Amino acid sequence: MGLNYPVSAAIVRAMSRLPFEFHLALRYLRPKRSLISVIPFTSVVGVMLGVAVLIIVISVMSGFHEMTRQKILGFNAHLKVYQNGVPLRDHERLAKIVSSNKAVRAVSPFVMGKVLIETRPAEGAGSALVDAPWLRGIDADLERRVSTLHTNIIAGEFNVRGNGLLVGRQLAQSLRLGIGDRLSVYSTRQLQTMKAGRDKKEEVAIKPEEYTVKGIFDVGYYEYNVSVIVGSLANAQDLYDLGENVHGLMVMLDDPFKVEAVRRELYEALHRGGGEYIVTTWPEENAGLLQAVMVEKSVMFYILFFIMIVAAFGITSVLITFVVQKTREIGILKALGATNGQVMGVFLSQSLVVGFLGVLAGFGLGRLALAYRNEFLLLMRRLTGFELFPQSIYNLPELPALIVPSEILIICGGSMLLCVLAGLLPAWYAGRLKPVEALRYE
Amino acid sequence: MSELTPTNATIPLLRAVGLGKTYFTGEQPLEVLHGVGIEISAGDFVALRGASGAGKSTLLHLLGGLDAPTAGEVWFDGQSLGAMSASALAQFRSTHVGFIFQAYHLLPDLDAVENVSLPARVARVAFDEAEARAVDLLKRVGLGSRLGHRPAQLSGGEQQRVAIARSLVNRPRLLLADEPTGNLDSHTGEEIIRLLVGLREERGATLVIATHDTRVAAHAQRVIELVDGRMR
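These protein sequence lines map, in sequence, to chains U and P. The opening residue of the first sequence carries number 1 in this note's numbering; numbering runs sequentially from there. The opening residue of the second sequence carries number 1001 in this note's numbering; numbering runs sequentially from there.
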């Protein structure tokens, strides 16, 4: 015994004070030196594993979700203000209206549109490569206040002065671009000019804009890294022939979760000034991604909950074995005056105890596994050579995890409930045994 | 005699009329009891004597509400057991009946005190009160030094003493003992019977013993002979 005598005696005394149904259930579960006493232990292990796996997977999924959200919040505006199909005129006045809202931290104009780019490799360095990314025109000073772009430069510098360009990491890789490399950028305006010239049967020579890669960024979000280049606001305005106009305003809030309330306020404030404006929020803009993560998590939860159902069936079969084994004792209890309900209570208490121990152990194991998840992955990789989350695909320095108390509560509570339900049938059978027949049972 | 206070002097404590029990398990129905009628007054000590298979245990089970008769009826203190619901019967056994079995039927996972206090715990007597009663009774049956022992650590005679103490813990008015000495040697059996008789007198309980042993039956005030399920 690991416990010294006074402590274990105190525990036994405390146990005795429980209602007799609980007391008996605990006594029945006390390990003895026989193979049969291992049976309840196996069902505890079943519940433990189910709960632990649920906690680990759901917490990792929550971690992914939170990380995705953080990344989205990092480089996306909390709110965007624009007009339907037309450039935003008078954006400085509008920015003032928006800034006057107390919840707004910063406002920055932006231009965002598709461009065609062509690399200009040095002599003998292969042929030119073409892509059609989004070009985002930014005001470098204001951008520092509305996004994390400037902190995510992995090569070169955050510099869009003159014809400087910032390129996403994966785009730079696929186009074999490095700092100082040059690019030709064709805008839709230039393509339109070419088309108009052809219609008039005139030869129009298009001279693309020449840009230089000044920096490479990695915002931790593949889609963005592979499809966005960043230039100065003036250049983008020029490419899109916008003059002093912009496509819209990026608005950052102190609390990104208050977007709905602020959206209504901004909407009203802008409309008082006249004109039709559209205000969109970050959850709307990224609904596809956020919902995909959510759906994935829900599906995982449902699938994994089946582990718990299997564990619960384990409890049912263990209890059926137990009831058969204890048939004569059930007869004795009834002879001593126990009601059907009290006999049921003994076996329900047992499933409750098994469930409680299993959930408790599963909670502990789950927390432990989450705390050492990265060490575990590292160990697995060393032992098997197999990388579960290859960094080249997931781009994660380590596995994220977020323990959400409400989710843990649902997992633990739901598992407890299942365990008790699993005990209902055997307990009901035990309660209905006829005393004399039970007493005669050998 | 002890100072008895029967609830109603004119009504016997236990009354069975036309009691029959037939089992329908095999091809032929098995009639274990037929037309048994008994009246037992409060404080009586009655022995049901008969050979093995004469129906003594079955009669005892019917009298204690552990089983239902296929014919006839049992009244306890003027109340029909047949009219009681399952939970009322459980309540009846808990409050008014103490069973003692040939095979002791102690719970192997509980020690002596826990076994004896169990019927009181079932009847929702407070823990301390139930334990105090159990310790008192165990001392009374001579097991004051064996309180924390489990059944496996006790001899047959000691286990039956624990079972006797257990039957008394709820202070029942009716004690039903089914071959209480059947598994014991004659010397220990005699001790057990003397203990049982002594305790019955102390507590003024009614005692019905089923036995095949004439020496045991000789202690009783009245002997009812059962032969092939009928009274003789």
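It cannot be assumed that every hint is accurate.
Coverage of chain U stretches by chain P, computed from C-beta distances (three or more under 8 Å per stretch; other residues unrestricted) [said to hold, decoys possible]:
1. 12-23
2. 162-168
3. 336-350
These are computed hints drawn from the structure, not numbers from a lab. In this text the structure is predicted, and so the values were computed from the model without any measurement. A virtual CB, placed ideally from N, CA and C, is assigned to each residue, including glycine.
Here's how the hints hold up against the structure:
{"no.": "1", "hint": "12-23", "result": "holds (count 5)"}
{"no.": "2", "hint": "162-168", "result": "violated (count 0)"}
{"no.": "3", "hint": "336-350", "result": "holds (count 7)"}
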